[in-house]
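Since the structure of chain B is already known, use the hints to place chains F and D on it.
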Amino acid sequence: MRACLVLFALLLVSAATVALGTRDPEVQQCREKCESERHLDKERRQRCFQRCEEKQSGDDIMEGRSESEEEQGQNPYVFEDRHFVTGMQTQHGRIRILQKFTDRSELLRGIENYRVATLEIDPQTFVVPSHWDADSVFFVARGEGTLTSVWEDRRESYNLKQGDIMRMRAGTTSYVINQDNNERLILVKLVKPVNTPGNFEAFFGAGGENPESFYSAFSNEILEAAFNTKRDRLQRLFGQQKQGGILKASQEQVRAMSHRQEEGRGGESKKGTFNIYSQRRTHSNQYGQLYVVDPSQHRQQLQDLDIGISLLNITQGAMTAPLYNTKSTKIAVVVEGEGYFEMACPHLSQPQSEGSTSRGPSYQKVTTPLRQGTVVVIPAGHPSVVVASKNQNLQIVGFEINGSNNEKIPLAGRRNVINQLEREAKELAFGVSERQVDEVFKAQQEEFFFKGPRHQQHQGRSDE
Amino acid sequence: MRACLVLFALLLVSAATVALGTRDPEVQQCREKCESERHLDKERRQRCFQRCEEKQSGDDIMEGRSESEEEQGQNPYVFEDRHFVTGMQTQHGRIRILQKFTDRSELLRGIENYRVATLEIDPQTFVVPSHWDADSVFFVARGEGTLTSVWEDRRESYNLKQGDIMRMRAGTTSYVINQDNNERLILVKLVKPVNTPGNFEAFFGAGGENPESFYSAFSNEILEAAFNTKRDRLQRLFGQQKQGGILKASQEQVRAMSHRQEEGRGGESKKGTFNIYSQRRTHSNQYGQLYVVDPSQHRQQLQDLDIGISLLNITQGAMTAPLYNTKSTKIAVVVEGEGYFEMACPHLSQPQSEGSTSRGPSYQKVTTPLRQGTVVVIPAGHPSVVVASKNQNLQIVGFEINGSNNEKIPLAGRRNVINQLEREAKELAFGVSERQVDEVFKAQQEEFFFKGPRHQQHQGRSDE
Amino acid sequence: MRACLVLFALLLVSAATVALGTRDPEVQQCREKCESERHLDKERRQRCFQRCEEKQSGDDIMEGRSESEEEQGQNPYVFEDRHFVTGMQTQHGRIRILQKFTDRSELLRGIENYRVATLEIDPQTFVVPSHWDADSVFFVARGEGTLTSVWEDRRESYNLKQGDIMRMRAGTTSYVINQDNNERLILVKLVKPVNTPGNFEAFFGAGGENPESFYSAFSNEILEAAFNTKRDRLQRLFGQQKQGGILKASQEQVRAMSHRQEEGRGGESKKGTFNIYSQRRTHSNQYGQLYVVDPSQHRQQLQDLDIGISLLNITQGAMTAPLYNTKSTKIAVVVEGEGYFEMACPHLSQPQSEGSTSRGPSYQKVTTPLRQGTVVVIPAGHPSVVVASKNQNLQIVGFEINGSNNEKIPLAGRRNVINQLEREAKELAFGVSERQVDEVFKAQQEEFFFKGPRHQQHQGRSDE
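Protein chains in written order, with the UniProt record's numbering: chain B, 1 to 464; chain F, 1 to 464; chain D, 1 to 464.
Next up, chain B with everything else stripped away, as it sits in the complex (with noise of 0.2 Å):
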């Protein structure tokens, strides 16, 4: 893979420079680099101190460094594993949040504000009730169970299965149960913060000390006057809980649970959640299936955060056309199978004399191989491509923000763009016959998608 961006090289000179430094005016400097950096948010910026302190114990830290670099700079658009960090994690489950798009490249400026994050349960497993400042909305991946909100004066509980698509307003208060007895319940979240842009934080009200209820930061002067009880009443409820934020439940609590929101559900389930398999399959064929959300479809959930979604099933083998989302930014996150992605990404222009011959954009290739759990980003107007796997289905959720009036133009394929062109048109842009840009663009027959390629570029890494 080339490298796609200019910059990141300049970056790894920059970095060798500084390498060359003696160590303590480096920690020192690196120390001042960080206080400087007052537009960094807390995460980031706390990363920055520890940077420096690593420094100083000796480490090597340079080397990992400039190979963090080579890889952003190689591919911005790319998440896996090692970009989460873990949010929360007991032995029944965990809550991960990928790292800020912005902290990765400033060329995800953009969406700087979203975030995304993965809550894994157990079977037989309870997570504990907490409101989060960030609007969200969640796919359920895999598994089933049973989410409940709760006011100062309702209850609400809906059920899950795979496909479900819920919106989570920001200030909720809520808890989820997995009552299966076998699967884990998988759900994957896009969250939107309301306070600070890209950072958000879960409260604990409920709990003990871990999770630490946010109640104990209270004095207990104000506690006992809240709740009109003594003080040792108050610790002993708020001192007990020590099994952490996601506990396995007895079978009679799960069945109370789950018995309970059958009989409250009612109308309720219809009105918070769908199934993005009831949705519009825009396009459907041997090689594929795409179902598509639009934010004007569920006002109620997604109008007001703008964001569309989609369900990509791509047979193993085949492939989707070249396309591009109009307006929309693109945050794929693969939830079965394996595959690999390429996507057309414009170059750093060279920077020119004044005067001279300008030739406009080039463009590099972003190329990954795809696995449960990879993230990818594909910017509005990007053209790129998806390929599933010899052996195995492929199936991709993904977030679209700014989905209203979003539109997927197909750059290969029965119906494409460029069949579209007047004869002239065609003949001035390709500068050769329109005989001969026809044979090209109205060869494949099919729409959307396609038979993949036969040698399959990634196949033997993410088969590995």
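Since the hints were made in silico from the structure, they are not lab data.
Hints should not be assumed to be uniformly reliable.
Because identical chains share one entry, a pair is satisfied inside a single copy or across any pair of copies.
[Stated by the list, open to error] Mimicking BS3-like on lysine-lysine, the simulated pairs with C-alpha atoms at most 25 Å apart in a straight line are: (1) K230 / K390; (2) K365 / K242; (3) K230 / K161; (4) K192 / K100; (5) K365 / K230; (6) K442 / K242; (7) K442 / K230; (8) K242 / K230; (9) K451 / K230; (10) K242 / K192; (11) K192 / K161; (12) K451 / K390.
Relative to chain B, chains F and D alone:
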């Protein structure tokens, strides 16, 4: 008070390191740092350069700086007298402007585009007409007055009294009189600049040397042509006013302007302003009252800004329930009385080694005494409590950013969110029996406003 | 011209200090600074690194830099030829793009997400189809042409003539011909990127080596499968075009495409474009005319962008009233003629010792000669005047950011805002009798456009 954020402790270490350097290179480095900080607004950058010069002059700036950062570290959510700058001051009144929120902390980046200002005017005093490059909403905290707005073809006057709320659109030319004989008129403004996020300016057309008229910035030949008037006559007009922008009016002048307003007002006053006390009182008992204005209720004034407004009246010795706003960040300004404030603030999560057990967030107490003029920022989702001192009622006006569809969720009292949990959820979450949970969460019979704590933490300090 | 901002004078001091250092550490520091400036967009960052390299090669970069900053300090609101970069250029036309506003000054941060571009095309010339990852609105400043947009299932053509305005949605593939035999076609575009604030790219699908086709970024096996076509045939198609993105068409080709457009156009042209001269003429007299398009009048094209458009025609030797926009920032581009511009710019307030008397803002004059292609940014609330030279009418198109509910407030002439003040307000504000105020503010009988000044300040310069 414990430090809320580890981050700021690290800053102190770093600042100390800088202080070890020699003087001159330090000044140079300082200037380079300021120069490189192009993301700063002009005010802050100028302050940056100033600080460098102060270093050169031998002042021990490090001392002051460390203090300032320590204080910020402890509590970036509270603003007092010293965090205001004077926008304009004469012997008859003043305009004060709170520092930019992001000059205080990156944690406040979500409200970066908002500013708080106060206008204090003596009895029988006139504020010279001006327009601002900012939208604003103001609350009349004390006194009575008349505000008049002018356009090219009309003039409208509005009587102002305590509790009135009014929207001022960007670019509207207006002036104010305090026609009372004894009482000051005090307005509290939330300002949203339209040109540069977080920065705004006042434009005085009428005026002369002080306040300076913007007409004098134009070339003489332009003014001569524009006014069809000779230069000497122009210089006479624009050179007279030297008393400043807030000046004493004669009784006749005040009466004339008040009279005309009474006449001309008619229905306008009803359209232009509304009073908080005539709004929905969402909660009320012997311990306090809450008045809330939703942006959707006053579409003309508040909807496009998405600002809600609330007024909290807490009886002496009483307190609010611990509660949080689901999606609004609240900028609260103490209008009258004394008391104190506590908030649970989620900690920086400690960086963890891969695969280890992660506990999720923990919470620190943010606390501050409250007195007239104190400004507190309460981010969405953060549980907080306000307590009135034992001697005085406490009155707080709140501007609620992202006000539409915001809910206040009570965490104790008759209707609280924990009471809505299912039995099994209570037991699993707290690790105790439902009975033990209910003993605490059902003991307080009041709703929203409660009898306050017996011993007030900040009582001593706020009564000094 | 006096310097508008004290800030930039400080920058010069700082730059001079840097210049005293030795060469090599300077280059190193330079690179470190560039590296640390992660908040910069890629273009600017690359330029940062470039500047470091130029230092190393011994060029006296400081000289040039000081000049540039001095100029910026004097007037960050004016852009001329040298502030454009060439996006694409062949011997038959070019696309030029104005530098990012925030690369010029942080004062322009409020319009950071907008860019200005111009497209100039020779007679009988064709622009190869492309799509942009940006929304845009363009104004036909000169000439006639035809623009055709294509989608997967349809094609629409629009005739363009001087004064036409058209919205191009992000991701729309389109091409342009200039079918005239003699005149160039000139479009002025306001561009709003959808991916990264302030950055956009063009995507050419049709093409070959020059313009490069984005198809060539994909792997051969992907293209073979997508097009169901052998590699050699693909290479033949995507290797032919070498003439660049703007190329000469034969008379037959031009005729064929024009013919087809006449036929196919039908009602579309009416829906797709509208002409500024058919819009509301809000002001008109012998000295000039103002045409204004409000975003609410053309919902389909302008409302979601909240962009208004205005056209100012000033008769030779005439001028506009001093006026300000209440909430729009106006990006004005000189389409024809010469003249000059003056604006009142509020000063940095001097830092003041606590409790002292504060005068409020003061105002500096920002002034510049105007000639074809000059771009001027006029922030909301800032009073400004435009004067046409004595020899030529002056024509200026304005894109008004935040266009809805904007008002233009005249500060002199028959209907001006000062005339609406009450008698007492005039007397108090100016410190003179009402008669003296009225003598000046009622002398000019014209409205909005006036006879210009006798001696024009910039006449000499702009006529050189």
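| Against which earlier hints does the structure fall short, listed by number upward? | 3 and 10
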